[in-house]
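Undergrad: Single-letter residue listing:
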Amino acid sequence: MIGLSHYLIVSAIIFSIGLVGVLRRRNLLMLFFATEVMLNAVNIAFAAISHYYNDLTGQMFAFFIIAIAASEVAVGLGLLIVLYKKYGSLDLDDLANMKG
Amino acid sequence: MYEVIAFYLFSVLTIGLFLVTVMSKNVLYAMTSLASGMVLIAGFFFILGADFLGVVQLIVYVGAVMALYSFAMMFFDATKDIKEKNTSAALVFLLGGMSALVLVLIFAAPIHSETIQALYPMHEGVGNAQDVGIVLFTKYLVPFEVAAVMLLVAMIAGIILAGKKMDDSLTEDLDADDEIYIQLKDEK
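Top to bottom, those sequences are chains E and S. For the first sequence, this note's numbering gives the first residue as 1, with consecutive numbering after it. For the second sequence, this note's numbering gives the first residue as 1, with consecutive numbering after it.
FYI, nobody ran anything at the bench for these hints, they're computed from the structure. Cβ atoms here follow ideal geometry from the backbone N, Cα and C, with glycine treated the same way. Check each hint, because a few of them may be wrong.
Unchecked claim - Pair by pair, the computed Cβ-Cβ distance ranges are:
#1 S:L91 with E:G88: 52 to 62 angstroms
#2 S:G97 with E:S89: 44 to 54 angstroms
#3 S:V126 with E:L79: 21 to 31 angstroms
#4 S:F137 with E:G88: 39 to 49 angstroms
#5 S:V126 with E:N97: 49 to 59 angstroms
#6 E:M1 with S:F137: 32 to 42 angstroms
#7 E:L79 with S:F93: 21 to 31 angstroms
#8 E:M1 with S:A89: 36 to 46 angstroms
Claimed, not checked - DSBU-like, lysine-lysine: derived pairs with alpha carbons at most 30 angstroms apart:
#9 S:K80 with E:K86
#10 S:K164 with S:K83
#11 E:K85 with S:K139
#12 E:K85 with S:K83
#13 E:K86 with S:K83
#14 S:K25 with S:K139
#15 S:K164 with E:K85
#16 S:K80 with E:K85
#17 S:K80 with S:K139
#18 S:K25 with S:K83
#19 S:K185 with E:K86
#20 S:K80 with S:K185
#21 S:K80 with S:K25
#22 S:K164 with S:K185
#23 S:K185 with S:K83
#24 E:K86 with S:K139
#25 E:K86 with S:K164
#26 S:K25 with E:K85
Between the sequences and the hints, there should be enough to build the whole structure, so can you do that?
TA: Printed below as a string of structure tokens:
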């Protein structure tokens, strides 16, 4: 039978995938994708805990995470478009202009 | 029985699709696999009995967020592969593996799981959507309104940031690109 720990392990694996993506990506759009992966992993963990403890609080937090992710994407993509207009690239190495 | 099959199928497919998202060089592949992985995560929510959350995941993530990403793709050139100067793979996988280990330790740590009391318990015989609605509009009313204001702010910010000079293309017009390049050079 599937228990809570199964879901938590899957959630941890997906979160680690997202973390590896954040660490190794250099393109800003791909970094956004990796953060989405991490947010979704946390949502799975919240929904699973909510189910196995028979408590609605986990689902509430998942709703607010989804709302925050939606607004983050709206503002972030606007910023990406402005950056692309200015520099013609989304690579973090091209955008790094504060070399000490 | 079906739950077990569905769980393992969904988890294997989700992990595979998200690996494609993280590792792929092509933006379109990454975006499509991200969208399908999110559909499968909605499947997880349906297995867990969180029907309303699953529907919200489908509408907001797969519908709105991915549509926003695909609109943004029209500004960037999606057909060519992304060239990334990767940091050393060994370091990344060492850091990722260590953080995965920390995560497993956190989840395996002895927590007081027996003493956890349900703060807002689910009711028998009431649908998930009704339950969620009652808790959301009584106990979580203030965070709900704050989230609404935050979404409004995000909408205005998105319009203002992306809406300027929408009439000239970013990728097609080579003269504009040259102009940007010359400006960049002058600034340097």
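Undergrad: So, for every hint listed, does it hold in this structure?
TA: Each hint, compared with the structure:
no. : hint                                  : in the structure
1   : S:L91 with E:G88: 52 to 62 angstroms  : violated, 29 angstroms
2   : S:G97 with E:S89: 44 to 54 angstroms  : violated, 31 angstroms
3   : S:V126 with E:L79: 21 to 31 angstroms : violated, 43 angstroms
4   : S:F137 with E:G88: 39 to 49 angstroms : holds, 47 angstroms
5   : S:V126 with E:N97: 49 to 59 angstroms : holds, 57 angstroms
6   : E:M1 with S:F137: 32 to 42 angstroms  : holds, 35 angstroms
7   : E:L79 with S:F93: 21 to 31 angstroms  : holds, 30 angstroms
8   : E:M1 with S:A89: 36 to 46 angstroms   : holds, 38 angstroms
9   : S:K80 with E:K86                      : holds, 20 angstroms
10  : S:K164 with S:K83                     : holds, 28 angstroms
11  : E:K85 with S:K139                     : violated, 44 angstroms
12  : E:K85 with S:K83                      : holds, 19 angstroms
13  : E:K86 with S:K83                      : holds, 19 angstroms
14  : S:K25 with S:K139                     : violated, 45 angstroms
15  : S:K164 with E:K85                     : holds, 10 angstroms
16  : S:K80 with E:K85                      : holds, 18 angstroms
17  : S:K80 with S:K139                     : violated, 49 angstroms
18  : S:K25 with S:K83                      : holds, 8 angstroms
19  : S:K185 with E:K86                     : holds, 12 angstroms
20  : S:K80 with S:K185                     : holds, 25 angstroms
21  : S:K80 with S:K25                      : holds, 9 angstroms
22  : S:K164 with S:K185                    : holds, 23 angstroms
23  : S:K185 with S:K83                     : holds, 22 angstroms
24  : E:K86 with S:K139                     : violated, 45 angstroms
25  : E:K86 with S:K164                     : holds, 12 angstroms
26  : S:K25 with E:K85                      : holds, 22 angstroms
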